[in-house]
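Engineer: Next come the chains, spelled out residue by residue.
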Amino acid sequence: MGRRAAAATAALSACLWVFSTPARGAEEDLGFDLEATGPEEGERARLLRELGLPRSFVELGTYYQSDDSYKFGDFTGLDQEGFGVLGNFDLRRRAPWESEDTWSLRLSGYNLGLDSRSLRAEYGQQGRFDVFADFAQLPKLWTDDVWSPYRGFGGPYLELPPGWVASDSTAGFLSLGGDLRRHDIEQLRRDLGGGFSLLLPFDLELQARYNRETREGRKLTSALIGSSGGNPRAAIVAEPIDYETQEVDALLRFDGERGQIELGYYLSHFDDADESLTWRTAFLRPPGSGTWDPSASFPSGLGRKATPPDNVFHQIRGSGGYSLPWWNTRVTGGMAFGWLRQDQSFLPYTVNPILAASLTRDLPRGDLDGKIDTTALTLRVDSRPLSKLRLNGHFRYDDRDNETPRDVYVYVPGDAQLQGTLAGSTARVNRPYSYQLKDFRVEAAYEIYRRTELAAAYRYQEIERTFSEVEETGEDFYTLRLTHYPFHWLSLRVEGEVSEREGSEYEGSLPFLEGTTRQHLATLAPGERFENNPELRKFYFADRERSRARGTLTLMPVDWLDVSIAVDNTDDDYDHTEIGLRRTRAFSYTFDVSITPFESFTTHAFYSNERFRTRQSGHAFTGTNAQADLADPARRWRASDEDDVDTVGWGFDLHLFEARLTLEGDALYARSEDEIDVETRLVPLVVPPGTPTAFPTIQSDLWAVSLAARYRFTENVSLRLGYVFERLEVDDWSVDQLLPATLPRVLTPGQSTPDYDVHLVALSFIYEFR
Amino acid sequence: MRRRSLARAGLGTLVLGAALAAWPAPRGQADPEAPPEVLAESPSAGDGWAEGGVEACLECHDETEAKPIGAILQTRHATRGDRRTPFASERGCQSCHGRSGAHVKKPADGEARAPTEIRFGPKAPPEVQNAPCLSCHQGGERMHWKGSAHDANQVACASCHPMHVAEDPMLQPAAERPETWRRAQADACFQCHPQQRAQIHRISSHPLKEGQMRCSDCHNSHGSMGDFLLARQNVNETCYGCHAEKRGPFLWEHAPAREDCGICHEAHGSNHPTLLRTRGPRLCQQCHQAAFHPSTAYTAGGLPGPTPADQLLLRNCMNCHPEVHGSNHPSGPRFTR
Numbered sequence: 001m002g003r004r005a006a007a008a009t010a011a012l013s014a015c016l017w018v019f020s021t022p023a024r025g026a027e028e029d030l031g032f033d034l035e036a037t038g039p040e041e042g043e044r045a046r047l048l049r050e051l052g053l054p055r056s057f058v059e060l061g062t063y064y065q066s067d068d069s070y071k072f073g074d075f076t077g078l079d080q081e082g083f084g085v086l087g088n089f090d091l092r093r094r095a096p097w098e099s100e101d102t103w104s105l106r107l108s109g110y111n112l113g114l115d116s117r118s119l120r121a122e123y124g125q126q127g128r129f130d131v132f133a134d135f136a137q138l139p140k141l142w143t144d145d146v147w148s149p150y151r152g153f154g155g156p157y158l159e160l161p162p163g164w165v166a167s168d169s170t171a172g173f174l175s176l177g178g179d180l181r182r183h184d185i186e187q188l189r190r191d192l193g194g195g196f197s198l199l200l201p202f203d204l205e206l207q208a209r210y211n212r213e214t215r216e217g218r219k220l221t222s223a224l225i226g227s228s229g230g231n232p233r234a235a236i237v238a239e240p241i242d243y244e245t246q247e248v249d250a251l252l253r254f255d256g257e258r259g260q261i262e263l264g265y266y267l268s269h270f271d272d273a274d275e276s277l278t279w280r281t282a283f284l285r286p287p288g289s290g291t292w293d294p295s296a297s298f299p300s301g302l303g304r305k306a307t308p309p310d311n312v313f314h315q316i317r318g319s320g321g322y323s324l325p326w327w328n329t330r331v332t333g334g335m336a337f338g339w340l341r342q343d344q345s346f347l348p349y350t351v352n353p354i355l356a357a358s359l360t361r362d363l364p365r366g367d368l369d370g371k372i373d374t375t376a377l378t379l380r381v382d383s384r385p386l387s388k389l390r391l392n393g394h395f396r397y398d399d400r401d402n403e404t405p406r407d408v409y410v411y412v413p414g415d416a417q418l419q420g421t422l423a424g425s426t427a428r429v430n431r432p433y434s435y436q437l438k439d440f441r442v443e444a445a446y447e448i449y450r451r452t453e454l455a456a457a458y459r460y461q462e463i464e465r466t467f468s469e470v471e472e473t474g475e476d477f478y479t480l481r482l483t484h485y486p487f488h489w490l491s492l493r494v495e496g497e498v499s500e501r502e503g504s505e506y507e508g509s510l511p512f513l514e515g516t517t518r519q520h521l522a523t524l525a526p527g528e529r530f531e532n533n534p535e536l537r538k539f540y541f542a543d544r545e546r547s548r549a550r551g552t553l554t555l556m557p558v559d560w561l562d563v564s565i566a567v568d569n570t571d572d573d574y575d576h577t578e579i580g581l582r583r584t585r586a587f588s589y590t591f592d593v594s595i596t597p598f599e600s601f602t603t604h605a606f607y608s609n610e611r612f613r614t615r616q617s618g619h620a621f622t623g624t625n626a627q628a629d630l631a632d633p634a635r636r637w638r639a640s641d642e643d644d645v646d647t648v649g650w651g652f653d654l655h656l657f658e659a660r661l662t663l664e665g666d667a668l669y670a671r672s673e674d675e676i677d678v679e680t681r682l683v684p685l686v687v688p689p690g691t692p693t694a695f696p697t698i699q700s701d702l703w704a705v706s707l708a709a710r711y712r713f714t715e716n717v718s719l720r721l722g723y724v725f726e727r728l729e730v731d732d733w734s735v736d737q738l739l740p741a742t743l744p745r746v747l748t749p750g751q752s753t754p755d756y757d758v759h760l761v762a763l764s765f766i767y768e769f770r
Numbered sequence: 001m002r003r004r005s006l007a008r009a010g011l012g013t014l015v016l017g018a019a020l021a022a023w024p025a026p027r028g029q030a031d032p033e034a035p036p037e038v039l040a041e042s043p044s045a046g047d048g049w050a051e052g053g054v055e056a057c058l059e060c061h062d063e064t065e066a067k068p069i070g071a072i073l074q075t076r077h078a079t080r081g082d083r084r085t086p087f088a089s090e091r092g093c094q095s096c097h098g099r100s101g102a103h104v105k106k107p108a109d110g111e112a113r114a115p116t117e118i119r120f121g122p123k124a125p126p127e128v129q130n131a132p133c134l135s136c137h138q139g140g141e142r143m144h145w146k147g148s149a150h151d152a153n154q155v156a157c158a159s160c161h162p163m164h165v166a167e168d169p170m171l172q173p174a175a176e177r178p179e180t181w182r183r184a185q186a187d188a189c190f191q192c193h194p195q196q197r198a199q200i201h202r203i204s205s206h207p208l209k210e211g212q213m214r215c216s217d218c219h220n221s222h223g224s225m226g227d228f229l230l231a232r233q234n235v236n237e238t239c240y241g242c243h244a245e246k247r248g249p250f251l252w253e254h255a256p257a258r259e260d261c262g263i264c265h266e267a268h269g270s271n272h273p274t275l276l277r278t279r280g281p282r283l284c285q286q287c288h289q290a291a292f293h294p295s296t297a298y299t300a301g302g303l304p305g306p307t308p309a310d311q312l313l314l315r316n317c318m319n320c321h322p323e324v325h326g327s328n329h330p331s332g333p334r335f336t337r
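Protein chains in written order, with the working numbering: chain A, 1 to 770; chain B, 1 to 337.
Isolated chain A, as found in the complex (with noise of 0.2 Å):
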């Protein structure tokens, strides 16, 4: 850190000494033709001349956190307690703007000491070309508190300790206490790139833009052995992250008059330098479980998952714009064609030597050889034939093609079975998603009255889907909108909209048959050839009836108050729906309030509350005793979701002594709640004493106060005095209280709700000059 900041100071004191030189021959240059007859018009012109001149700025100093927090560093880089160095700068240059000379240069940085840093350069000579150079990073802090007992915990190989005990449930890993190690779970992205633009002839130009993107670290995934049945085993471990991902983007533009036109190529490959997690299990095979080969239990068991494969994505892309002569009409359209690939080889079924040896399927193919055409196209005419009446028309096409192939699969379970055969359950055939999208929408508004507009809408929309239990949904949507801005004190704007979604025959079973040989199929009796209770009805694509209404109010009853209402509402009802999602709505609504009571005073207020509400249904069954349990009317439960937020904010800027001083500040409070209710009628006949009876709520309070204080001590020299803090408490029923052994079948690791009471000041010195 010490020497970072060093070379860094002496970077930006390099840079410093170079920019704040005056510009060689700014006199020489100066191509304003004001002929300077007098003082009086001479210092008019060096005045004028440095208005134009753009103010650069270097900022260092140095900041104290007063505790570690991984969740308050999320993003920013701020997770450790202690000192750090601060450090920004934007170091801007340009050729005097009476000048014949356009060039400018501009170099910043931000965050430099931070792990969120920012770095960028650019030169150009604006109505020629511009080039440009960045770096960024972003860290993801997840948690440091993670418990494991895996060796190599991040790594992609996972091992036990010497000496781990085994079990065929966590309360039996008496060695546990004593393996467990504390790691990090935390990712950084860093992006490093560059383009430009170039001017070309004939209102041409050309832009281009280099990105690359890579991402470390870790993230929480699952190590499981084992299938259904009751006999999984798992471990919530840490799978690593080493991607890649490469950008291009280049366009061609023609700019004219009436007519637009862009043709671009976008090009993205995503490479992920590991291509698997291994862990060996940390269970013995649970008892009566027939399924679990024996070579399956601690110690020979071993289990691997894929990563995320390598795939890349090519795009043509077009669009244009013309503006005609009449009716102020204007069509613009746009298509893009793209190609996803990815044929990265396949893992083998099993990384278990014992059922490797005994299969007797090999894979059917040695990759996928994804493919995915996707086709886009859209066109709108926007046109006013009266004064007041504006039409516009909009059509949008989306198509994803799916050209995967498909094959069967007998795949090995958990790496904890041995194969089984065409006819069996774990023959699988995948299933290759396509996708079709027809979207078209006409409005109408007429200016009924001065600024007061009626807008009418019409929009229908058709979805395509191949293997789905729904093949063409279709929807109408209406909608009517009043806008009123008849004084520039007073703007009201109320939109109400309804829609009506249906499909074609739901087919349940769809995905099932088709995604199973028909060998299985032939074992199942006719009333069995299903997975998904018949009933239920996937939200997506289920018929639904939304009604959405929404308004803002906006007053500025004088200069120094303006004060607005919204109001949003959106309401599903998924009417023919008995099992799944039966119905959600959303509503919010916002108070906001601005007073500059003087210039150099502004303060602002809002609050904001939201509920969301979720109301869906189920119905256990089993699989042994399907039919009986699915007449069951005992057997059907309800669950729902109640998210309330709060949000209430508040901001001033103040400026004193002839601005030499400025504060600012912000302040808000959040609080969330989330309530959950599951009802049933089957209950076990015995219920253990102290068994949970009610959810408790889901909570999590934000307090966040920023403050800072510049003084200018000179034009060029500042000092900013800031303070931060902010504290978050949450309360999570599925985190709280969870041990690594809490659950018998999955070892979890342990980790706490992200509560933190942080403070942050910081001080630095400002060096503003031209």
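Rather than coming from a laboratory, the hints here were simulated on the basis of the structure.
The model shown is predicted, which means the values in this text are computed figures rather than measured ones.
It is possible that part of the hints are untrue.
Cut-off 27 Å, straight-line C-alpha distance, at most; resulting in silico cross-link-like pairs (DSSO-like, lysine-lysine) [said to hold, decoys possible]:
{"hint": "1", "chain 1": "B", "residue 1": "67", "chain 2": "B", "residue 2": "106"}
{"hint": "2", "chain 1": "B", "residue 1": "105", "chain 2": "B", "residue 2": "67"}
{"hint": "3", "chain 1": "B", "residue 1": "209", "chain 2": "B", "residue 2": "246"}
{"hint": "4", "chain 1": "A", "residue 1": "219", "chain 2": "B", "residue 2": "106"}
{"hint": "5", "chain 1": "A", "residue 1": "219", "chain 2": "B", "residue 2": "105"}
{"hint": "6", "chain 1": "B", "residue 1": "106", "chain 2": "B", "residue 2": "123"}
{"hint": "7", "chain 1": "B", "residue 1": "209", "chain 2": "A", "residue 2": "71"}
{"hint": "8", "chain 1": "A", "residue 1": "71", "chain 2": "B", "residue 2": "246"}
{"hint": "9", "chain 1": "A", "residue 1": "438", "chain 2": "A", "residue 2": "388"}
{"hint": "10", "chain 1": "B", "residue 1": "105", "chain 2": "B", "residue 2": "123"}
{"hint": "11", "chain 1": "A", "residue 1": "438", "chain 2": "B", "residue 2": "67"}
{"hint": "12", "chain 1": "A", "residue 1": "71", "chain 2": "A", "residue 2": "140"}
{"hint": "13", "chain 1": "B", "residue 1": "67", "chain 2": "A", "residue 2": "388"}
{"hint": "14", "chain 1": "A", "residue 1": "140", "chain 2": "B", "residue 2": "123"}
{"hint": "15", "chain 1": "B", "residue 1": "246", "chain 2": "A", "residue 2": "371"}
{"hint": "16", "chain 1": "B", "residue 1": "67", "chain 2": "B", "residue 2": "123"}
{"hint": "17", "chain 1": "B", "residue 1": "209", "chain 2": "A", "residue 2": "140"}
{"hint": "18", "chain 1": "A", "residue 1": "438", "chain 2": "A", "residue 2": "371"}
{"hint": "19", "chain 1": "A", "residue 1": "71", "chain 2": "A", "residue 2": "219"}
Position chain B against the provided structure of chain A, taking the given hints into account.
Structural biologist: Below, chain B without anything else, positioned relative to chain A:
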């Protein structure tokens, strides 16, 4: 192999750009050897234009005003050598504000000063304010402006883009003011989108409140080909820009993930981990009601106590099924691999 090829392509792009810098200057850049080009007839008092260029306006609108305007001279709009810019012509400020001949004249006693031909701010119709901007900025990211959501809702360019400042806050890089985490661009959007302002403060969110992302990283507020003013063709393509590892295609696809990330996630912020709209197992059980554990009711009895349920606690369904975005493992049809 592919990494090296792409790195070469990227480096080649930059080298090409530098090489093309030697390209002869197009019409936007004046040849310093040539006599000054007269880009527009000098305004004359007879046609309503004010004479004297920017200096005439600055006679009154100087830096002592409560809202000084001179900072515009630091911007790309004020680059006389680029003939495309407003200040390249003698019209200067009038390039945007229209004829101001009457405005510069001293009014008669008791009379108010005549306004400029084009005024900006809440008192002026948006289409009138936007016309000068669109006369130059109709291509590129503004190509789909007309008829877009903001245009239809009568948003003026000047509602978001102040011109008389040294740098447009809508274009400022994220983390401009790190110690107060001011988010210049986002704060402008939140004036009309207060719901999103509250959402970014939820326990799970994109790094907007930290100033590490901007709204324009996902949205093109000027209009776009996609829905929701997204910068790319659809939701998933926009998400893949930062989350390319989710792009697949995978051997075993999760249908809602392939179709639309927004089916499960709320991108602006959520009370639930990883931006989920609802927690598992209930989110998953909205689509999965198979025999045994997928259709079981997970009541409070599964909380930590005598009978904790691994389908309810911590990562719930993902305690065993982590690969919900899709799996490329041959033994992964249940997303356990």
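Engineer: Indicate, hint by hint, whether the structure satisfies it.
Structural biologist: Hints and how they fare:
no. : hint           : result
1   : B:67 to B:106  : holds (21 Å)
2   : B:105 to B:67  : holds (21 Å)
3   : B:209 to B:246 : holds (25 Å)
4   : A:219 to B:106 : violated (70 Å)
5   : A:219 to B:105 : violated (69 Å)
6   : B:106 to B:123 : holds (23 Å)
7   : B:209 to A:71  : holds (13 Å)
8   : A:71 to B:246  : holds (24 Å)
9   : A:438 to A:388 : violated (30 Å)
10  : B:105 to B:123 : holds (22 Å)
11  : A:438 to B:67  : violated (49 Å)
12  : A:71 to A:140  : holds (9 Å)
13  : B:67 to A:388  : violated (35 Å)
14  : A:140 to B:123 : violated (45 Å)
15  : B:246 to A:371 : holds (15 Å)
16  : B:67 to B:123  : holds (17 Å)
17  : B:209 to A:140 : holds (14 Å)
18  : A:438 to A:371 : holds (22 Å)
19  : A:71 to A:219  : holds (15 Å)
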